[in-house]
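Enquirer: In numbering that gives the first Met the number 0, the protein residues as written are 0 to 153.
Keep in mind the hints are simulated off the structure, nothing from the lab.
There may be inaccurate statements among the hints.
[Said to hold, decoys possible] In silico lysine-lysine, DSS-like type, Cα no more than 25 Å apart, as pairs:
(1) Lys75 x Lys107
(2) Lys45 x Lys94
(3) Lys60 x Lys45
(4) Lys94 x Lys19
(5) Lys94 x Lys60
(6) Lys107 x Lys94
(7) Lys75 x Lys45
(8) Lys107 x Lys19
(9) Lys75 x Lys94
(10) Lys107 x Lys138
(11) Lys138 x Lys45
(12) Lys141 x Lys94
(13) Lys60 x Lys75
(14) Lys60 x Lys19
(15) Lys75 x Lys19
(16) Lys107 x Lys141
(17) Lys94 x Lys138
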Amino acid sequence: MLQRLTFPVNVGSVRYPGIKIQDTRVIRLLEVLLHGGNTVGGSTAKQIHEAVLATFQLSPKQYGLNQLRYDLRKLKGHGLLERDGRRYAYRLTAKGVDVALLFLFFHKRLCGPLANSRFHRKPDPASRPNSQLEAAYYKADKAIEDILDLLQAA
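All chains should be built: construct the whole structure from the sequences, respecting the hints.
Expert: Pasting the structure below:
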């Protein structure tokens, strides 16, 4: 799935560029969209922009509204994002939630530690709520941990 997302997509006569796992802008946007996913009716581009700026302490010069709109169009073209009816409010699709979780897990558990980023926190197995999402999180985390062990052994 990650490899398919890196290729450009044609929807009608519009060509959308591929999404790269190492693109910091997309990672930040997916994280904000994932955490704000409980908003009924989605969030407007301006609300998403303010959330990204506040969450990552960025200035509007560092991440402009036009850059956000470009990223939103790219995610929408790949089917990860949908508009709420006729409004310009966006929310993640079911595929978008899966991809966002996969991107964030991959970035925080593999790329982050390898690049010495700020993501070094492991989940606490003692505090496991009984939810399917949390169980899937621990299963994915265990699989990534196994990959890391195999990489260290090589």
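Enquirer: Run every hint past the structure and note whether it holds.
Expert: Hints versus structure:
1. Straight-line distance between C-alpha atoms of Lys75 and Lys107 comes to about 24 Å, which keeps the hinted pair within the 25 Å bound.
2. The straight-line distance between the Cα atoms of Lys45 and Lys94 is roughly 23 Å, inside the 25 Å bound, and the hint therefore holds.
3. Distance check on the hinted pair: Lys60 and Lys45 sit about 15 Å apart at the alpha-carbon level, within 25 Å; holds.
4. The straight-line distance between the Cα atoms of Lys94 and Lys19 is roughly 16 Å, inside the 25 Å bound, and the hint therefore holds.
5. Under the criterion of a C-alpha separation no larger than 25 Å, the hint pairing Lys94 with Lys60 is inconsistent with the structure, at around 31 Å.
6. Only pairs whose Cα atoms come within 25 Å are accepted, and Lys107 paired with Lys94 is accepted, the gap being roughly 20 Å.
7. Our distance criterion of 25 Å between C-alpha atoms is met by Lys75 and Lys45, whose separation comes to about 16 Å.
8. Between Lys107 and Lys19 the alpha-carbon distance is near 15 Å, which keeps this suggested pair within the 25 Å criterion.
9. A threshold of 25 Å between alpha carbons decides the hint, and for Lys75 with Lys94 the separation of about 11 Å falls inside it, so the pair holds.
10. The hinted pair formed by Lys107 and Lys138 meets the criterion: a straight-line CA distance of about 15 Å does not exceed 25 Å.
11. For the proposed pair Lys138 and Lys45, the alpha carbon gap of about 35 Å is over 25 Å, so the pair is violated.
12. For the suggested pair Lys141 and Lys94, the alpha carbons sit about 22 Å apart, so the restraint of at most 25 Å is met.
13. A C-alpha spacing of about 24 Å is found between Lys60 and Lys75, which places the hinted pair at or below 25 Å, so the restraint holds.
14. For the suggested pair Lys60 and Lys19, the alpha carbons sit about 22 Å apart, so the restraint of at most 25 Å is met.
15. With a CA separation close to 15 Å, the supplied pair Lys75 and Lys19 stays within the 25 Å bound.
16. Annotation: proposed proximity of Lys107 to Lys141 holds, straight-line Cα distance about 14 Å (limit 25 Å).
17. A threshold of 25 Å between alpha carbons decides the hint, and for Lys94 with Lys138 the separation of about 19 Å falls inside it, so the pair holds.
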